[in-house]
Each structure stands twice: as C-alpha cells, then as structure tokens.
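Engineer: Protein chains in written order, with our numbering: chain D, 1 to 479; chain R, 1 to 451.
Hints are computed from structural coordinates only; laboratory data are not their basis.
Among the clues, some could well be false.
As the list claims (entries may be wrong) - Straight-line distance between alpha carbons at most 25 Å, and here's what the computed BS3-like set of lysine-lysine pairs gives:
(1) Lys265/D x Lys245/R
(2) Lys370/D x Lys273/R
(3) Lys357/D x Lys265/D
(4) Lys261/D x Lys135/R
(5) Lys105/R x Lys261/D
(6) Lys154/R x Lys135/R
(7) Lys384/D x Lys259/R
(8) Lys259/R x Lys370/D
(9) Lys360/D x Lys245/R
(10) Lys360/D x Lys370/D
(11) Lys105/R x Lys265/D
Unchecked claim - Derived DEER-like restraints, expressed as beta-carbon distance ranges:
(12) Ile363/D x Ile420/R: 53 to 61 Å
(13) Phe356/D x Ile420/R: 53 to 61 Å
(14) Leu367/D x Pro162/R: 38 to 46 Å
Virtual Cβ for every residue (Gly too), placed ideally from N, Cα, C.
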Amino acid sequence: MNHSIIRYIICRVLEFQALFLLLPGAVALSYREEAGWAYAATAAGCFLLGWLGKRLKPKSNAFFAREGFVTVSLSWIILSLTGALPFWLSGEIPEYTDALFETISGLTTTGSSILPNVEALSYCNLFWRSFTHWIGGMGVLVLILAILPLAGANNMYLMRAESPGPTVEKLVPRVRHSARILYGIYMAMTVLLILLLLLSGMNWFEAATLAFGTAGTGGFGILNSSIASYHLSSQVLITIFMILFGVNFNVYYLFLIRRGKEAFKFEEMRYYLLIIAAAIGLITWNVRGMFDSVWEALHHASFQVASIITTTGYATTDFALWPVFSQTVLVLLMFIGACAGSTGGGIKVSRIVILFKLVKNEISHMLHPKRVTQVRFGGHVVSKETWRAIQVFLFSYIVIFFTSLLAISLCNLDFTTNFTAVATTLNNVGPGLGLVGPSGNFDVFASPAKWVLMFDMLAGRLEIFPMLVLLASPAWRKG
Amino acid sequence: MQIIIVGCGNVGETLTEQLSGEGHNITVIDRDRARTEAVVNQYDVMGIVGNGTSFSVLKEAGVDQADLLIAVTPSDELNLLCCLIAKKAGNCHTIARVRNPVYVKELPYIREELGLSMIINPEHAAALEISRLLKFPSAIEVDTFAKGRVELLKCRVEAGSPLCGLPLTDISAKLHCDVLVCAVERGEKVYIPGGSFVLEENDLISLVASVQYANEFFRKVGMATNRIRSVMIVGGGETSFYLAKMLLPMGMEVTIIEKDKERCNELSELLPKALIIHGDGTERNLLQEEGLLHMQAFVAWTNLDEENVMLSLYARHVSKAKTVTKVHRIVYDEIIDSLNLGSVMYPKYITAEYILQYVRAMQNSIGSNVETLYKIIEDKVEALEFSVGKQSPVAGVPLKDLELKDNLLICCINRRGQIITPGGQDTMEPGDTVVVVTTNTGFRDLKDILK
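Looking at chain R on its own, in the form it has when it is part of the complex:
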C-alpha cells in the first residue's frame, strides 16, 4: 500500500518503522528537515520537508495514488485539516490523531462528518488499556477479542504456584477450567508451547480464556482476583483524567496526585468524585498520608520515566498494590523487564498498535482479514483475530489435518458468541472468528497460517 505519514514524532517514527517493515511504501512529511532526514536515513522510505496541510506538498508526496494518510503532527487541528485536504485531493483513507480532551466526546461526530476513517486519541487509548488491566488485577496485560468475550491475559508464575512444574496438558484436567496457554516467556526466550511444555517459576505466561474462565483460573491458582476498589494515580495528565473517568463509574475510589495547582483545580472541576491532591507524588510522606499502604492499585504516570519506575518499585515494596508504570523511552527495556515492575506501558506503542490494527484490517483480501491485532511480547509474538471467509482454504478442515506453520497456535474459535478452545478435531467454519498466536509477524490473511 502507498501510505503517507505526516509528522515524524515518536509515533510517526514508530509507525514508519512498523509499516515499512511490513512492506508498505511510506512517504513521510515533516516540517523539520533534520528529523525527516534522520527517518529517511534509517528506514527505506521517502521524505518530504514541508507543511502537511499544503496541497502542493501533499501532491508531491503522491496523495492521488496513496491508499492511506496518517496525520500525527502535534497539532490536532493540523491533523484534521490535513486529513480533510487529503480526502478531497486523493480520496484515500485517512487517520488523524486528535488528543485535545475537548473533542473526546465529539470524536464519532467529527469522524463521521469529516469523512475520516479513524481518529485516535493516544491518551484515551492508554487509559482504556490501563482500565482493562485494573479489571483483572492478577494479569500484567489484558487484551480482548471477539468484542470483549475473550480475554488475552498475561501473568507471571509466582513461586509456589500450583502451576510450577505442571505440563500444559494437565492444566485443564487438574484445574477444571478451559484456558489455553499460548505463549511463554522465559528470560530472553519466547516459546509457543506444545502440550508437553512444563511451566517453571518466573515464567511469563499469556493465556486465552473467556471472561468467566479467566476469573476462575486465577482463583484456582491462588492469585487474587479481588476486584480493585482503590486506585492511586501519580501525575494528573490527560491519561489520568480519562482513566479516572473510566474507573469512577466502576465504583473505584480514585486518588490523583498532581504537582501543578492549576491542573489540580481543573481536575477537581472535571472529576468531582475523585480525590485530587496537590503535592509532589515522589514525596514519601504524602504518599503514605494519602493511604498508599492500603491502595489496591498504583499507577505511576508522570512525565519522567525514572520517577515512574522508582515510584512503582516503592509502591510494590510497601504495599500489595498492583502497579502500572509508564515508560516513554524504550531504549532500556531489558533493564525494565528485569525489575519486576508489574505492568509497564509504552504509550507510543499503544497508538502505533491501534493504527497498525487498522492498516492490517484495511488490507482485506479474498477469504478473510485481520479483525484485531495485539503484540503480546514486543516485536516477537502477536495475537491476531481473523474472520473466516466463505472461500477460505482453511474452512471446514479439522485442525489436525491443517499444515500449520511452526510457532503458531490457534487459541480460540468464536462461533456466534460461543467460545471454543479448539482441539485437533475442531474445524473453523465460515463466519467464525479465530484468534491465532504466532511468532511470525506480518500475517495478513488467515491462509498465511498454512505452510
């Protein structure tokens, strides 16, 4: 596909990397010459220096041949205008990043009326991700498939857990619940496990289960599934605001600590039910005074990675809270992984992933297409949801007869709302959606799973 990316910031660059890696032809537009050149030198893409809202610049970037334009400059209005012009000039699909909270309720209206294909609000997306995590306190990451009926959860095998030393085939027999372990991280290595795989302490396992089984599973392996009732958020940015807005109706008590007095006033106006504290979130006494010791969840979401990491380590040290940590720079990810921080979130990945999902879904070919995509382990393992088309070569064939690629697992089949954890004799039927976990990235169609 021909894709134009306007704006080479964090997200723009991540998108360029991912999309060009998947074989798309990318043209980037940015006003900053140095930044554009840096991107052009690093990836195999074309770069144009100029204003993305200018018709002539867009023309130069080949907007009339483009299939998709993604506008991720720092300005919302610029992004929207850019998409509008591209839409008129080239009739391509358009994706805009709009992050001003003023627009958040109006996004569907704006998208509809301006004819955009997708609008993404990175802070809102991040908040959605965190709120999903807090719904399943035992998991490190939570994603959903099949319109929320299937959860993809990631959790750590703690010392002394009944899972230690257990072969995967025995899980359903021993625990009587229908879950499927679809990926295991052990140190640096990633496995797509077979039935004889034996779990060990400190493994990070990803599992697929329907909502009720997921809770049952956690209870049986002795991980707390108590609902979270109190959350402390350090840093009162937009993400914190959206998050509080999502958590409050679920009956959680939300405490937000923010340094800036003006922002505190604003937040207390917007969130009358939340406890807004004006103070430095890194101050030990303040955290204790506001009851960190009894919090059930702790979200470190300030603008400084170091502060976030320290805060989460401290919170884990003094309380039993589930922690969520924001990390902006991905450079030191090995170190961060070794720290036992609980859930770590990389905001720019969230945005890139949402857009990637859309791009994949756009590329629908004959039989079926990607409905949802998650990266379970950064760049190594993906979970994809496909819908099965009528002419698909895999339809109607029992799974054991399919010649599947290595390192690939079909985790679940959703047949009209009914969730099936597939065995060898199950088949995929037209109309189903299936979730596939694989280390081979870049799948576009269900038939790609065949050898």
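Chain D extracted, bound-state conformation:
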C-alpha cells in the first residue's frame, strides 16, 4: 500500500472541498447571512490542511487497484466529515451526527433528511445541501481526474472505483479526456436545466438548487413540500431531466460524436425506458381513482416513477398514501435503480438484465447439459469475470441490506419504516415509506441507527466494494 500517494490525493481532494465551500459562502454574502462565516472558516481550514499536506511530494507514484479503492472511500469519508462542519458550526443543525447524516445523504445523492423543517435553514445551507448532490453525482475524483494530472497512467483505478456500474469504459483513449467529456456533458445538461427552470417561472436560487438535485439524482428540495408547490411545467421539466440523468452518459457521448443511431440501440437504455414505461402504466392505472383526471394521475405517476428509479427522491405528492400495489412497484424500482454510468444509484439496470440472462442460460443449460452459452449485453459477450462480480455484488448487497435492517430494528420502529429506510439509503433514493415517507424524516432513528444508514449510503454510492476493501485488513498491509 502506497500511503504517501493516498495522502497526496486526499490533500488535493481537500483543496477542492475548499473551493466547493466558497460557493455557498458567496451565496451567504449575497443574501447577507451570518452563517457564511462557517463556510469561510471551513474552507480556510480545508485549504490550509490540503496545502500543507501536499507540500510533501509522494515518495512513489505506484498506484494500483487497492490504492484506488482506498483513496476513493477515504476521500468520500473526508469530504463528508468536512462538508458537515458548516451545518454544525452555523448552529442550524445542532448535532454533529445529524449534520454528517445530512452531508453524506447529499454527497451520495440520496436525499434523505433528518430535518423536520427544511424551510428554517438559511439560504447558504440550503444551497450547500443541494450543491453536495451535484458534486457527488458524477464524483469528486472524476472531477479531479479531469482537471489535475494525477498519478500517471494508473488512474483508471480511481475512475473504476468511483463510477457506478458493472464495467467502466473509457470513452476516449485517455482517462483524463474521458473524465472531461463526462463532466462537460454533466455541466451542459445542468446549465440547460437551470435555464429551462428559469423560463418555467422559478427564481435563480430555486432553479439552481433543484437543478443540482436533479442532475446528481439527489433529491434535497428547499421546501417542505419538495416539488409539489411548483408550477406544472417545472414539474414536467424535472420529470424529463430526472429520466435523462438516469441514462448512461455514454449514450450522450455517442450523440455528441454523431453516432446517434448506435445510441438508440443502447441495450441498457432500452430496458431502462421499458421499465419506466411499464411502471408508469401500472401505477397510473392503480391510482387513477385518487386524482381528478387520468392525466393528473399520469403526471404524478410519471414524476414519482422517474424520481424513484433514477434514485432522485423528489416528490409531488405523498406516495406513502397510495395503494399498496403502487408502493410496492416503487420499492421495486428503488432496487433496480438507474443505468450504469449515470448519476443514479441502485443495483443498476444492466446488472439486473445480465442476472436475468444468466437465469435464462441456466434454464437452457438444464435442458441441454452440454450446451455452451454466453451472456450477451449491448452486443458484446459479458466476460465470466464481469458476471461473477455481479453475482458477488448482489450477494454482498443482500448481506449488507439485511445486516443493516437487523441493526436498525433495535430502534423498535415498524417494519415498513425500517425496510424502506435501508432500501432508500442503500440505493441512494431519499424518501422511503412509513415514518420515513415523503412527508416524514430520518430524525425518528436513534444516533447508532443513523451511523448504520450513513454507512449504507456510502456503500450504495460507491457500490459496496470500495467500502468493504477499506474495512478489509489486507488492504492496509505495507507492500
């Protein structure tokens, strides 16, 4: 383990954190809020620490898979720890555990909140909350890769550890250029959304914060009613963009290089859209009696489906009051999640599809014991290593899910609340059902349960293995 390079990269991460923190500081300045000093102080602290730490150059540039995993998980933990400071220092979230929960929830693009009354927060805190979504959506290390020349040729390990999905492909030969393209698309789409939201009648602050939440598929709103009180056109805009941000970004790259035909043939996107269409259809049919017209039912169903499958977590209505069938469909969507290579969380459509194909192959193998088959996805054969990793991922996922469920059940809340709380945090969705539904919040849990859920959020965002590697002792051995 090359400790010095990890230290070096983490110090660069701290510098970036300082830069990020200046933005809410600026917001505080423009709204003349006193809470701004907390941001200035934290930013200064982060910068100083980072600047001092990076003065000592790393002894060697050796950087391999385990350094990649450890760097990514440590960076995320440090981003969370420092990002929580302003909430706590400004006194608006008095408990540090709560502040940390809120920050991790933001960075991992979950959007679960412990705040009973969001509207009581100052503008700069609201802005920071939403901005963490945007940072976490595409990943900090991907951003650093895009900007800084880091660690030589092996930085694919960093990108692989941070990017969601069973396989990570470079778009162009250089990791750095790939990262730039990804962030370019991400930024362009965010700016487009902000402009469209402004046109639909929001003010700058609302448009920016909601766009950050949508782009990162996060889900923090700035009103207690989430999205419900905005104009219909804004809601429709957000529905569309949530779905767009849940698509694999490679698709947009294909459009960019004018190979749109291939983009439409992208297998994962087709399944993703198919699942969305089916879920909207089922829920619209199920809730049609609760609204004045089928169109209204369709609107709310589409919004909620888009919000849950992309693991955003906005709400236009309290779906905890919907029929059980609709709720069950939504919980299923939480697990499926968005496409690999998007900003969304969950198990990912590609993994689910590949697993189904494995089942199909296994059945055919029972009928023809000597048959040789391959799993194909997106026109390519899925290598044995990939689908084995998917199976292991699924099992670890289930183990973490049920261990967490067992742990938080000590709080003695009802089963629906516990089950959906773990599901919603592990899949980075946001709201669950029961007490943690769209109108509830996570303050109902005791502190130890919150720590469990925080771990789940990080594990979910980094797709489990980086966090497990961090806990595994062999990773820390010298060598």
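We have chain D; now place chain R onto it with these hints.
Structural biologist: Chain R alone, transformed into the frame defined by chain D:
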C-alpha cells in the same frame, strides 16, 4: 491461356488437373520441391520451386505473359500479396483464396481496393452450397441459374414413386408441371435422355425447373417439400459457422456439436441464437439427447471422412433427416456412391468449380460466353449457362433446325426473366441466357453445341 497457379495443395492440384485438361498452359509454383515434382510428373505443366510472393520467382514463371494468376497457398495474406505483386508485375487477372472468417465481410472491399478479379472463400462457398440444398430438402444437389430463377436439382427416384416406369414425354402431361429431366444416372452409366426414355427405380435424375415448378413437382411425385426447420451439424468448423449464419435468418433451429471447448465458446459468442453443444458428435447418447431423432436435416462436417460417413448412415437409420456428408478424399467415390448417403460434398471440388467457372467466363469469344458452370455428375456431365450474343450463329434458328452434338440438351431459355422450357420450334434470341446440359466437357462458347 497462360495460367500461373501458386500453391499445390488439394485445390491447386485439382485446378491444375482441370485447367490443363482444358488446354491451358499451366505453371505451378510451390515451396515444396517434392510436391511440385509430383504435379509436374503427373500433368503436362511447368513447375517452379520457390516463394510465390517473390517477384523474381513470378518473373521466372512468366508473369508478364500470364493471363491469370491463381493463389491458393494455405496463407491468406500470402495469397493476397502474391496477387498484388502479380497485378503490378504482369497486369494479369488474379484470383486469391482467402479463408479467414475475419475478412469475410470485407471481401468485396478487399477485392475492389486491391484490384483482384475474384476472391474465393472455400468454407463460405461450401456453406452456400449446403444451405441451397437444405432449401430443397428432396433434392440431393441444388444449383441455380439465371440469377436464382432456375434451379438445377438432382434427386433419386424412390421405389413406388409415380415416376417409375414413366416415359419422359409423359411427365408434363401427367403431372401438369413444367420440368425437364436433363440427365439420368443409372448405376455406372449416364444418359442424356430423349423423350422416350423410361425412368426406373433408383435412377438419379437431374432436372431443370423454375423455382415454383420445382416445389410443385416434388409435391406431385410425393417427395416431401416441407421446409426444414431443425438442423443438426456435427463439427464446428468454419463451414458450420457460415452455414449456421445462413440458416438462422431463415428461421431454422441450428444445433452444432463440437468437441473443442474453446471453439464452442467462440461459436456461442458468434452465434448467440444457435444451440452449441460441447461433446463428441459420434456419441450415440449425446446425439439422441440433443434430439437427432426429430431433426429434419443432419450435416456431418467433421474432419474425418469415416466419421462423417458413419454419422450420416446412423442418422439416416434412426431419423428421417436429410443428410449432407462431407468427404474429403475422392479416392473411394464408387463405394460412397453405393452407400445411399444422401448428399455428399467434396469441398475441394467446390472451390475448384468456382474458379473454373471464372476461367471459362474469362475466355469470352465473339458471340457469347459461359455465365455459369456446374458439374452435375463428376467429370461426366456439365450444365453450362451461356448468354446469346448478337452475331451468334445459333440465334434466331428454331431448335429443331439446329444440328446439335449428341448427348446434349438445351434445358431452358431465360428471356428477360421469363423462363421457357424449350420445344423444337423455340428459338434462342440475342440477350437470352440458355442452359445447356452435356456430356462433352470443355465447352467455351455457345457455338460449340453445334456439330
């Protein structure tokens, strides 16, 4: 014509035999001295020992005077390079054998860009041949003329068939369909039958018919024309791959049995819709488990002739499948013919025939030329398609007034897409293509049919 053949393998030798027999001057080039000498001793050709891609060797072989160079060494790239150099050095026509499946989609591009006259992929050609056969399950061999509008089919007269004891003149009257029997094999003998010829049980008949009549004919004589829906292929070589690739889009279910695990993986990657079985195709239980009994077609295409023959015999014994058997060595052809194996294919003949077709077509003289050529019965009967030129001496004369050679039959006339089964008063007009079946080999021009 002056022809250079590079590579004296199976196909090289077959080509040498055929082309030298047709009066061309052949020079063979091979790196192996013994093989070159063997060919020179056996046929009346010149032999040069050396690398066919070397300019000086080609020069020695007379590339500047050559009309055609055929490169059939085992290496694709060598063949292509050889053709390129010959093209630059002698400006002759060039034919290369390229068999690597990687190139298969790019062959037209390679041919165009490198200025080759023809590229042949033997495995692809064989697969094409088999797929044509499986389209007409009742026939033993199928060839096409007139861009696929006319089929030349070969089938056996089974016992109890209405064809038994029927004179040929009565066929169209009795069965009301327009087919023409153009050659009959009875034991060792081959006939180009006249109208009074009477068919007997076990005759192998070759007939010419347009596509719709061919199907009707088979139905009326009680031979199954059901489309084949399931095919089992034993042996997962390149031919099997191309064949599966052709059959799958036609809606057939394809099962391929292959011994080599690696090859199975490769095939299952390339053919996601086919059923790829890893196992020994000669194992009885495996064949039954994978449903041989209900297969409608069975293709034995392993590398061992003996295995292929045994497998086909077994398949014919236990199922009603149409069988296709690959035989590499032609030495024992009488025995194989007597075995009732269904369709038997000799891969090296397929390649040689394709090249021969091209060579014949190259030799166009004044009036007309050969468009297509098939050997209906090895070395004994050929079917040739000619196009009729404006100055051709046969144009416009009723057939009954032409003094045709013996053992020759004009089977059909294709007039702008319309297929005519000719009678005595029909004429061949400029622009038509005609199919001629004959026991006289080596025809080069339509006027050769005259006495």
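Engineer: Now tell me, hint by hint, if it's right for this structure.
Structural biologist: Hint by hint, here is what the structure shows:
no. : hint                            : result
1   : Lys265/D x Lys245/R             : holds (22 Å)
2   : Lys370/D x Lys273/R             : holds (16 Å)
3   : Lys357/D x Lys265/D             : holds (18 Å)
4   : Lys261/D x Lys135/R             : violated (34 Å)
5   : Lys105/R x Lys261/D             : holds (21 Å)
6   : Lys154/R x Lys135/R             : holds (13 Å)
7   : Lys384/D x Lys259/R             : holds (21 Å)
8   : Lys259/R x Lys370/D             : holds (11 Å)
9   : Lys360/D x Lys245/R             : holds (22 Å)
10  : Lys360/D x Lys370/D             : holds (15 Å)
11  : Lys105/R x Lys265/D             : holds (22 Å)
12  : Ile363/D x Ile420/R: 53 to 61 Å : holds (55 Å)
13  : Phe356/D x Ile420/R: 53 to 61 Å : holds (57 Å)
14  : Leu367/D x Pro162/R: 38 to 46 Å : holds (42 Å)
In this structure, only the earlier hint numbered 4 is contradicted, and the remaining ones agree with it.
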